[in-house]
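> Chains as they are written, first to last, in our numbering: chain A, 1 to 350; chain B, 1001 to 1806.
Since the hints were derived computationally from the structure, they do not count as laboratory data.
Glycine included, C-beta positions come from ideal geometry on N, C-alpha and C.
Do not take every clue at face value.
[What the hints assert, rightly or not] Covered by chain B, according to a simulated footprint, are these stretches of chain A (three or more residues, beta-carbon under 8 Å): (1) 42-51; (2) 102-110; (3) 210-224; (4) 237-248; (5) 317-324.
Okay, here's what each chain looks like letter by letter:
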Amino acid sequence: MTGEDFAGRLEAIERDFARALERLEREADLEALRVAYLGRKGSLAQLMSSLPELPAEQRPAAGKRANECKKTLLDLLSAKQDALQAGGQTADRSRFDATLPGRRDWIGSKHPVTLVLDEICAAFTAIGFDVVTGPEIENDFYNFEALNIPREHPARDMQDTLYISDSIVLRTHTSPLQIRTMETSPPPLAVIAPGKVYRRDADLTHTPMFHQIEGLLVDEEVSMADLRGTLTYFVRTIFSKKTRVRFRPSYFPFTEPSAEVDISCVICRGTGFCGADPCRVCKQTGWVEILGCGMVDPAVFEKVDYDPERWTGFAFGLGVERVAMLKYCIDDLRLFFENDVRFLNQFQAC
Amino acid sequence: MFLSINWLKEFTPYTGSLDELAHQLTMLGLEVEEVLNPFAHLEPFLVGHVLDCSPHQNADSLSCCQVDIGGETPVAVVCGAPNVAAGQKVAVAPVGSSLPGGMKIKKAKIRGALSQGMICSEKELELSEDHSGIMVLDPKCTPGTGLLQALNLDTVVLDIGITPNRADCLSILGLAREVAAAFDLPLHLPEFQLQEEGEACSSLIRIQIDAPELCPLYQARIIQGLSIRPSPAWMRYRLLSMGLRPINNVVDVSNYVMLELGQPLHAFDRSLLEGGVIRVGCAADGQKFTTLDNQERVLGSGDLLIQDGVKPVALAGVMGGANSEINAHSTDLLLESAVFDPGNTRRTGRSLGLSSESAYRFERGVDQPGSTFALDRAAGLIQSLAGGRICTGRAVSEPRPWTPRVVDFRPKRAQSLLALSTDAAASQKVLENIGCGVRPLHDKTLRVTPPSYRLDLEREVDLIEEIGRFHGFERIEAALPRIRKSPLDADAQVLGASLASHEFLNRTKTWAQGQGYAEAVNYSFCSRQELESLGLADEGIIPVHNPLSAEQDSMRPALAPGLLRNVRTNLDQGNQNLRFFEIARVFQHDPRSETTAREANRLGLLCHGRRNPSFWPWTDEAVSYLDLKGAIEHFFLSLGLEPARFSPGDAPQYCRSRIRMTLRGEDIGFLGRVQPGIAKDLYHARTPVWISEIDLDVLYRLSRGQSVVYRPWVKFPPVQRDITLICPPEVSYSQIQDVIAASNIPAQESISLQDVYQPDQSFECNLTLRITYRHHKKTLTDKEVDKQHFELGKKLLKALPVRFPA
Ligand SMILES: [Zn+2]
Chain A
1 MTGEDFAGRL EAIERDFARA LERLEREADL EALRVAYLGR KGSLAQLMSS
51 LPELPAEQRP AAGKRANECK KTLLDLLSAK QDALQAGGQT ADRSRFDATL
101 PGRRDWIGSK HPVTLVLDEI CAAFTAIGFD VVTGPEIEND FYNFEALNIP
151 REHPARDMQD TLYISDSIVL RTHTSPLQIR TMETSPPPLA VIAPGKVYRR
201 DADLTHTPMF HQIEGLLVDE EVSMADLRGT LTYFVRTIFS KKTRVRFRPS
251 YFPFTEPSAE VDISCVICRG TGFCGADPCR VCKQTGWVEI LGCGMVDPAV
301 FEKVDYDPER WTGFAFGLGV ERVAMLKYCI DDLRLFFEND VRFLNQFQAC
Chain B
1001 MFLSINWLKE FTPYTGSLDE LAHQLTMLGL EVEEVLNPFA HLEPFLVGHV
1051 LDCSPHQNAD SLSCCQVDIG GETPVAVVCG APNVAAGQKV AVAPVGSSLP
1101 GGMKIKKAKI RGALSQGMIC SEKELELSED HSGIMVLDPK CTPGTGLLQA
1151 LNLDTVVLDI GITPNRADCL SILGLAREVA AAFDLPLHLP EFQLQEEGEA
1201 CSSLIRIQID APELCPLYQA RIIQGLSIRP SPAWMRYRLL SMGLRPINNV
1251 VDVSNYVMLE LGQPLHAFDR SLLEGGVIRV GCAADGQKFT TLDNQERVLG
1301 SGDLLIQDGV KPVALAGVMG GANSEINAHS TDLLLESAVF DPGNTRRTGR
1351 SLGLSSESAY RFERGVDQPG STFALDRAAG LIQSLAGGRI CTGRAVSEPR
1401 PWTPRVVDFR PKRAQSLLAL STDAAASQKV LENIGCGVRP LHDKTLRVTP
1451 PSYRLDLERE VDLIEEIGRF HGFERIEAAL PRIRKSPLDA DAQVLGASLA
1501 SHEFLNRTKT WAQGQGYAEA VNYSFCSRQE LESLGLADEG IIPVHNPLSA
1551 EQDSMRPALA PGLLRNVRTN LDQGNQNLRF FEIARVFQHD PRSETTAREA
1601 NRLGLLCHGR RNPSFWPWTD EAVSYLDLKG AIEHFFLSLG LEPARFSPGD
1651 APQYCRSRIR MTLRGEDIGF LGRVQPGIAK DLYHARTPVW ISEIDLDVLY
1701 RLSRGQSVVY RPWVKFPPVQ RDITLICPPE VSYSQIQDVI AASNIPAQES
1751 ISLQDVYQPD QSFECNLTLR ITYRHHKKTL TDKEVDKQHF ELGKKLLKAL
1801 PVRFPA
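When you get a sec, could you build the whole thing from the sequences and use the hints?
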């Protein structure tokens, strides 16, 4: 065989391939054609195997020409494939419906109490608070006594208590964690304590179990300005940057001074009206009560052997359901514990 | 506590707006919860002038009246009262108004005569029980004016929430003091006449206090020759406006003075007291005593009694006795004004389930020096309403006289705690305004003597709060604190028990949400009965001592009761295909625990209904064991834990297939299908309910401290060989896994189950496994793999009653 014969046969291969390609209609047949011409035992490979038969000086040029041929065939092949695929989309339209439902799996959800609890914890951990937890069945000592609520103190009336025994209660607030934290750690400290709490109370606005988050910060020279700053930061993180915060004097046995915190009503934006209707959430006052707080009472510090002259601190406690109701405009507290999936599913996107 | 604005104005000349007053009180910590008009139901009623009154032609008992109610012409009213007469001023309910009882007044013909309204009795207006005739008003009233104005009723009353520390504000006087201090107004105490005559009170009665620690002061006055009558209108209306029912002039005065000054008083019928002595001492254990509500009470030795020479006559500070009560025929009375120990009063009230306005005030503390003024005030008022002679002086025993407290106050400390710039002079002014005596001790300290009515001012910090209150918390600037703390390690974050961290629980919630489960939150209590029906009521259940209902009488030892109830609630509502998770504490009695309870964090998973969230393109199959097991395996893998062992176990009873899970030899929970009967009868589920509970505290412990260390993978290619085994029912997949794991075939890397096939009508099952072989140092030849694979097959045949297909 001469170099010319070789070149002629390459041309013939190209020609035949092009013709075969033209006749080809289904993408699935491309592979067979590829194997026939470009495969390990295809026509091009067979021709290449005769390369050694050429005179030595013609071999490089023939080899180069063969590679060019291979490239041409590959290019044609891929062009045809593109064309078939483009055409296929129109040709297969009857069997492909892009709007059919996908194979979508279950979507789960977190309970709104969890969502709000997480968000609040995140706001506080972001500025350096640690999260602590403790028992839900508590000693009278931690739940009352150490918090400056002795037996037969009228402050015990503020919380209807569920008892396990005379000295063991279902904790009525997360405040026992204040004592447990200070017993465990020396000052300074900054913790929040989320969890379930229990009261002997059930009506439209009370459930016998609900969730609270307690906060405690102890350091030197802590003032009410720090308390105000922390809670303002928290409220504006959870609600909106424009939320206004109001402190009213109040009473808790374990803080002095004590305050209730109101925020401008998130439903009516503090105006008292939703359109022309009086706002039912804030009863037209423009304010809603959201938490109780105060400076740690020196009597509490004495219970845990902190020097009240040196250390000051603040504490606060807030109801999680209350925040969730405001945040998600939930108007019935009982929904939280019915676990109707039509309620729970509304929080899939959170 | 109600605050009538009219009454307030008798103490301090407040002239500002109601809104301003309510706001200021609220911002002083006296939260105005509601503004109410106790007589709102009388709003539409008018003063009428009976111009003419003639008998009804068709009914003897009726009168036909012409009544001027301010309109152009008088209206005709038919009236059945015997006392109606021309010339009277009367209360008229005009057409269109409704009586408090709900009856609507309409234009009507009564026995042929037109009636355009109704002349009312006091009972019909709910002003008293008097229904003997119509209410006749002061002749000076102008026809057509509103009844509310004509009677000068207290139409604006604030309902104020009083915190337990502010006993002083359980009176009009106390609230007036706050208003006067806040608005810089003068304060006037009530003025009264007190004409004493005759014998000295102390010669008629002797006071003997046997329990001075429970009764620091007891004093009394004696009034003789009075007559019990209904109180005059002003007194009755005022008590009504404060929500109290008028009774008679003596009882009304003691209630009135209690509301006015905060000192509870008690009036005994002196003719029923014997022995000329009042003794204050503790009851005998088991002693019986009938209180004036006619209930026989069994007392304990801690309960304080007021006794005469022979018998108990009152439960001190809580309630009087039926045996010495004022009655319609009483003429002589002994009026008590005393101070009782707050804690003891509360204990007595609580142990007897007895609450009273009097006990409420004693529990919070009363003004000991002020009790004398209250006694004199009440005696004077009784005399003016009931006549009689007040014996000279008081009978008094005061074993523990009041000693004023002295508190040193550092203005600097107040400044730094409140972050308010107030100087010593400003602080001094605030403290003086609220009635404290203030004397500068030296330049850094004020020596403060709080008034006797402010029992809450005991320490410097209490005074600091007063400075804050009157300066206004609103003036405190907000600033974020620096946060200094020694970071707590994870163990220090769970206090009082060794439980999973909050962060771990949160991570688990995120996992469960991702698996398509909806988080449920159920009460921590359930009913004992439900536990019994589920076979969960073993000895460790913790009962709630005072549950709200039988449904909540036990602390839950498992999450199943709540989750199963969620199934029922949702199925009853037509919600199907349920997947719930819950993460919460379960409770078990544990005498070694400081709280007598062991708490553990559980993950509960429940699924019921379809396996997939929709039909097409999924297939319609019910959820099964492998679905829930798969989720759990997924969970363990996501924690970096090795697969758990699932094996048939014995608990819980309410499940049919009971599978226990163990990991590193520790029990971590169960998985099972709820017994169909229980599922259907108790929870309305007709298709399988699969449930699992997992101990998160154990998982937390097992998965803690794991860190990811990168390992390079073997670069030589794997070779795979399939093997099919025909297995009798007693051979489980895990046994095959165990044999292969123990086979010591050097290059055997992993196995995966390819197919499970049970031919029709066969007990045997064909398992096809794909075994992967790989050498870590070279490429295996087909020959080497064949040899190892053959070896493996031999070991399986030897270890288990399995065979290869023909
Ligand atoms: Zn609003």
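> Are there three or more residues in the region 237-248 of chain A whose C-beta lies within less than 8 Å of some C-beta in chain B?
holds (count 4)
> How about the region 317-324 of chain A: do at least three of its residues have a C-beta closer than 8 Å to a C-beta of chain B?
With 0 residues closer than 8 Å to chain B, the region 317-324 of chain A misses the three-residue bar; violated.
> How does the region 102-110 of chain A fare against chain B when you require at least three residues with a CB closer than 8 Å, holds or violated?
holds (count 9)
> Closer than 8 Å Cβ to Cβ for three or more residues is the test here. Does the region 42-51 of chain A pass it with chain B?
This one is violated; 0 residues, fewer than the three required, reach chain B with a Cβ under 8 Å.
> Under 8 Å between beta-carbons, do enough residues of the region 210-224 of chain A, three at least, approach chain B for the coverage claim to hold?
holds (count 6)
Figure legend: structure checked against the earlier numbered hints; hints not met, in rising order: 1, 5.
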